[in-house]
Amino acid sequence: MAPIIEITNLVKTYPGVRAVDGVNLAIEQGICFGLLGPNGAGKTTLIEIVEGVQKPDSGGTLYKNHPVGARFRKEAGIQFQVTSLQEFLTVRETVRLFRDLYPRTLDIDEVIRLCNLEEILGRDTRKLSGGQRQRLLLALALINDPELLFLDEPTTGLDPQARRNFWDLISMIRSKGKTIVLTTHYMDEAYALCDEIAIMDKGRIIAKGTPEQLLKDHFNDVVLQFPDESVKEKLDGLNLCVSAKAGQCEIRTHDVDGTIRLLLDHGVSLSRMNVRSWSLEDLFIALTGKHLRS
Amino acid sequence: MKKFLAILHARNMEFIRDTSSLGWNILFPLLLVVGFAVVFTGEPKALFKVGVLGDASILKGADREFFDTRHVQFIAVNDEKKAIDKVEHFQLDMVVDIRQGSRYWINENAPNGYVLERVMRGAGGSHYERITVQGREIRYVDWVVPGILAMNMMFSCLFGVGYVIVRYRKNGFLKRLKATPLNPFEFLLAQMASRLILIQAITVAVYAGCNYFIHFQMRGSYGNLFLISLAGAVCLISLGLLVSARLASEELAGGLLNLLTWPMMLLSGVWFSLEGVNPAVQKIAQFLPLTHLVDGARAIMTEGAGLADIAPHLLVLGIMSAVFLSIGSLIFKWE
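Sequences listed follow chains A and B, in order. Counting from 1, position 83 in the first sequence corresponds to residue 83 in our numbering; the numbering is continuous, with no gaps. Here our numbering = 1-based position in the second sequence + 1000.
Among the hints, a few may not be true.
Computed list of lysine to any residue pairs in SDA-like fashion (alpha-carbon distance at most 20 Å, straight line) [stated by the list, open to error]:
#, chain 1, residue 1, chain 2, residue 2
1, A, Lys202, A, His185
2, A, Lys74, B, Leu1315
3, A, Lys202, A, Arg18
4, A, Lys55, A, Arg18
5, B, Lys1178, A, Glu147
6, B, Lys1333, A, Ser84
7, A, Lys55, B, Trp1334
8, B, Lys1170, A, Glu147
9, B, Lys1178, A, Arg71
10, A, Lys245, A, Leu215
11, B, Lys1333, A, Val68
12, B, Lys1002, A, Ala70
13, B, Lys1170, A, Glu75
14, B, Lys1170, A, Val53
15, B, Lys1082, B, Met1265
16, A, Lys74, B, Asn1183
17, A, Lys74, B, Ala1006
18, B, Lys1333, A, Asp107
19, A, Lys127, B, Asp1018
20, B, Lys1003, A, Arg18
21, A, Lys74, B, Lys1178
22, B, Lys1081, B, Ile1016
23, B, Lys1002, A, His218
24, A, Lys234, A, Val223
Please keep in mind that the hints were generated in silico from the structure rather than gathered at the bench. The structure presented is a predicted model; accordingly, all values stated were derived computationally and were not measured.
All chains, full assembly: derive it from the sequences and hints.
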């Protein structure tokens, strides 16, 4: 199947910064695509160029094999990272306003139900909580029954419960066959929602694939974790990859059984040991040398 | 059309529900008009004004006696009709014609005219032919009310459109709209229509409310008055759109709008007549939209000007609107 979005050699510079530095990317139809990166990586700039909100210095974007234009604006739903709404309007009036801007729309009550807005319909949009506001912005992005949905850091600033609720919403939308492009710096979010991810740093895509494939490509061992730095002293002289920091001792190994036997032979208690797999956060650190939220 | 109506409705709701702003839009002109009515009610100044048709300096002897009277200001006038008109409206106490024959006009209802007439007869003017006119006094409040209403329209149009669009741009609402099928023309047209409807409604309400208590003089037609106010509002809104076409800083927009409103407030004849001021200032005033709005409205209300009389003002306002709108929509940026 042809990609719904195809980005070719996109470049965007600001004074002193190359925000998007020659990005090539194709996004398949019907998937949830995650664009990950730390603050300032160029995610929002890249996405806003794709959305037609910003102009690139060079390169281009195709939507269904055509340059982004009127058809894209009718068929795409967009939730910006920061959006103000028209003041003094209620939630229902705001949804109605955006519905009237599109030729083809969902039923207003369906969107309201989908985004759980029933209880706040009469509320002034300036008096919404963070989670309620994000649900309203999602409703505005969904009102034109989009084929392609852009969500730019939709859960930033939400409490854990609100984030979980938002994930459920996004999963439900995805199950309807929509293509979702999600930018985030929450690794758990990307892992839970995305079929495919691209990691961006300093304006470039530095890795792309399914989360599982990327982890498999970069890590083929596991980590044995001890909440005690003193374990490291007992392992001196052994042929193990050991690191100790911040009150923890970690051992990377391809042979878990053999390593455990070795540890028991040297009198290391396993009662507080934790075996953990590599995460996308680890992958990012391995690729860039820094944390995603740094 | 649906998109236009959606934006129009949303902006109307925002304006009407912003009660502090709405209240100010109504209260501000009301306070000014009432304030002026209170301040300028009472006895007029005890200075006599006589318009003179012809050159009084060539008169000699007894013929000259009247023109040497102290505490009377003699003003050379050229247009007989306009001068007589001013007598009718108490703007001149008397007009004397010394060109051929000797005639004078006074208003039968004007106390100053009565006094002046007696002075003139005792000062070598007993042979002058007496012509009387009738008319109602134009109080300062009658003269100033078109200016105050126009000034309120100016503030409302410039700040209500210019400032608001800059705020929309700054807080990202315009960016959100850009991602929809709405185009800039539809958006700007809706903003314009919204402000036009609301400011016309407010101006009519304030006029009617003040008129109920103060009873303005209205010699022309309400249709023409509405027409000139409509043309003025369109022009001022277009100017607001032009200012806001690219700016993203409310502070800069506020500064620019003040830079536009203050000269207009001072030089457009809102508070005082520009007759007799520096010709350069009068020329500058002709480039200000408010001048044409005020002059047109005042001519209709105090002089009974018709459509043909205000046509030049309508034409200038129309040309200015077209220029402001064309440039504004050409350079408009969503972000």
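### Task
Return the numbers of the hints above that this structure violates; sort them in rising order.
Checked against the structure, the hints that fail are numbers 2, 8, 10, 13, 15, 18, 20, 22, 23, while the rest are satisfied.
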